[in-house]
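Engineer: With the sequences and hints as input, model every part of the structure.
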Amino acid sequence: MAQDHEHGHEHDHGHDHAHQPHPFQPDLEETPLTHYQVMTQAVGDLLIEKGIFSADELRAMLEAIDAKSPAAGARVVARAWTDDGYKARLLEDVNKAAAELGIDAGGIPIRAVENTESVHNVIVCTLCSCYPRLLIGLPPDWYKSRAYRSRTVREPRAVLAEFGTVIPDDVELRVHDSTADLRYLVLPLRPAGTEGWSEEELAGLVTRDCMIGVTLPKSPHY
Amino acid sequence: MSARFAVGADVRVRAAFPPGHVRTPFFVRGKTGRVTQVLGPYRNPEALAYGRSGEPAQPLYRVVFETAALWDDYRGAPHDSTVVDLYENWLEQA
Chain A
43 MAQDHEHGHE HDHGHDHAHQ PHPFQPDLEE TPLTHYQVMT QAVGDLLIEK GIFSADELRA
103 MLEAIDAKSP AAGARVVARA WTDDGYKARL LEDVNKAAAE LGIDAGGIPI RAVENTESVH
163 NVIVCTLCSC YPRLLIGLPP DWYKSRAYRS RTVREPRAVL AEFGTVIPDD VELRVHDSTA
223 DLRYLVLPLR PAGTEGWSEE ELAGLVTRDC MIGVTLPKSP HY
Chain B
232 MSARFAVGAD VRVRAAFPPG HVRTPFFVRG KTGRVTQVLG PYRNPEALAY GRSGEPAQPL
292 YRVVFETAAL WDDYRGAPHD STVVDLYENW LEQA
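One line per chain: the protein sequences are A and B, in this order. Mapping of the first sequence onto the working numbering: position 12 corresponds to residue 54, and the numbering continues sequentially without gaps. Mapping of the second sequence onto the working numbering: position 1 corresponds to residue 232, and the numbering continues sequentially without gaps.
In short, the hints are calculated from the structure, not lab data. Worth double-checking, as some hints may not be accurate.
As the list claims (entries may be wrong) - Pulled a few chain A residues facing chain B out of the computed Cβ check, cut under 10 Å: (1) Leu143; (2) Asp146; (3) Pro151; (4) Asp183; (5) Lys186; (6) Ser187; (7) Arg188; (8) Gly206; (9) Thr207; (10) Asp211; (11) Arg216; (12) His218; (13) Thr221; (14) Asp223; (15) Tyr226.
The beta carbon of each residue, even a glycine, is placed where N, CA and C say it ideally should be.
Structural biologist: Shown next, in the form of structure tokens:
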């Protein structure tokens, strides 16, 4: 037992924890529900009560959305890197091009914006958090933060630098604010030194963040 | 509904500040950009937000702006650009 307790009483507790109540992680029910959480819950309950869909269908849909991951987007990007015809179709219509690979990217139209030697693209939704969820999974928390949403249009180079990404001044930094009916995906530049790589190997270099545009694909040398 | 503006057209975003649900970001209102793509008709989200039909659908455009023209003290590079998706009811001939 620690000898340096400063409290006044003498008896032995048989353990040595500090005598302040230590903080604990609140249970979900202990954080107040927001207006919109209450509304979402209520609408969900009503739709189930009215038989529009069942509780199990709602659960299955949530599970399906949660199961989406950047891996599908990475496959699409890797195919575009190895097949120019596919890349052209991807730049035309991401949903259709994804379907060619057996990927269901959902009904909201997704467009790809291509990085080149002279243009680097980055995606933000300043009004909310629009994101191609059905292709690359749920957005990271920072994507939804007010800081990212407001600063990416105001000082995009500073934001990218905080992600460790420095875009040379002679490259046009193009910020896409997706506040309407479409979602956007960055098609990154294929890293040099990957000649002869398989699609699967290439997909391993494609991260969520490089499809948002805040970074570049992983280097093939690590 | 046919689109009023073609790719390459210079357009000015209305400097309007209506209350309620609006999809046009503040930072482009009153600014001039260029149409880079005509995305097709989409139901008006400013009406859909209130349970109305959103019809007639509005042509939706991708409009590119010089970022340095959007902010007085932009400290990026001179060729940096910003692309915003804008509905036709927010655009006028520049």
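Engineer: Given a cut of 10 Å on the nearest C-beta pair, is the interface hint for leucine 143/A held or broken against chain B?
Structural biologist: Violated. Min distance 24 Å.
Engineer: Hey, does the histidine 218/A contact hint survive, CB to chain B under 10 Å?
Structural biologist: holds (5 Å)
Engineer: Grab the minimum C-beta distance from lysine 186/A to chain B and call the hint holds if it beats 10 Å, violated otherwise.
Structural biologist: For lysine 186/A, the interface hint is violated, since the closest Cβ of chain B sits about 16 Å away, which is over 10 Å.
Engineer: Restraint: aspartate 183/A near chain B, CB-CB cut 10 Å. Satisfied or not?
Structural biologist: Nearest chain B Cβ about 22 Å off; hint violated.
Engineer: Grab the minimum C-beta distance from arginine 216/A to chain B and call the hint holds if it beats 10 Å, violated otherwise.
Structural biologist: Where the cut-off is 10 Å and the nearest Cβ of chain B is about 5 Å from arginine 216/A, the hint holds.
Engineer: Was the hint right that aspartate 223/A lines chain B, CB cutoff 10 Å?
Structural biologist: Result: holds, 4 Å to nearest chain B Cβ.
Engineer: Was the hint right that tyrosine 226/A lines chain B, CB cutoff 10 Å?
Structural biologist: Nearest chain B Cβ about 9 Å off; hint holds.
Engineer: Less than 10 Å between beta-carbons is the criterion; does proline 151/A satisfy it with respect to chain B?
Structural biologist: Holds. Min distance 8 Å.
Engineer: If you take the shortest Cβ to Cβ gap from threonine 221/A to chain B, is it below 10 Å?
Structural biologist: holds (5 Å)
Engineer: Minimum Cβ distance from threonine 207/A to chain B below 10 Å?
Structural biologist: violated (13 Å)
Engineer: With chain B as the partner, please determine if arginine 188/A meets the hint condition of a C-beta pair closer than 10 Å.
Structural biologist: Violated. Min distance 14 Å.
Engineer: Was the hint right that glycine 206/A lines chain B, CB cutoff 10 Å?
Structural biologist: This interface hint is violated because 17 Å lies over the 10 Å limit.
In terms of the numbered hints stated before, the structure departs from hints 1, 2, 4, 5, 6, 7, 8 and 9, listed from lowest to highest.
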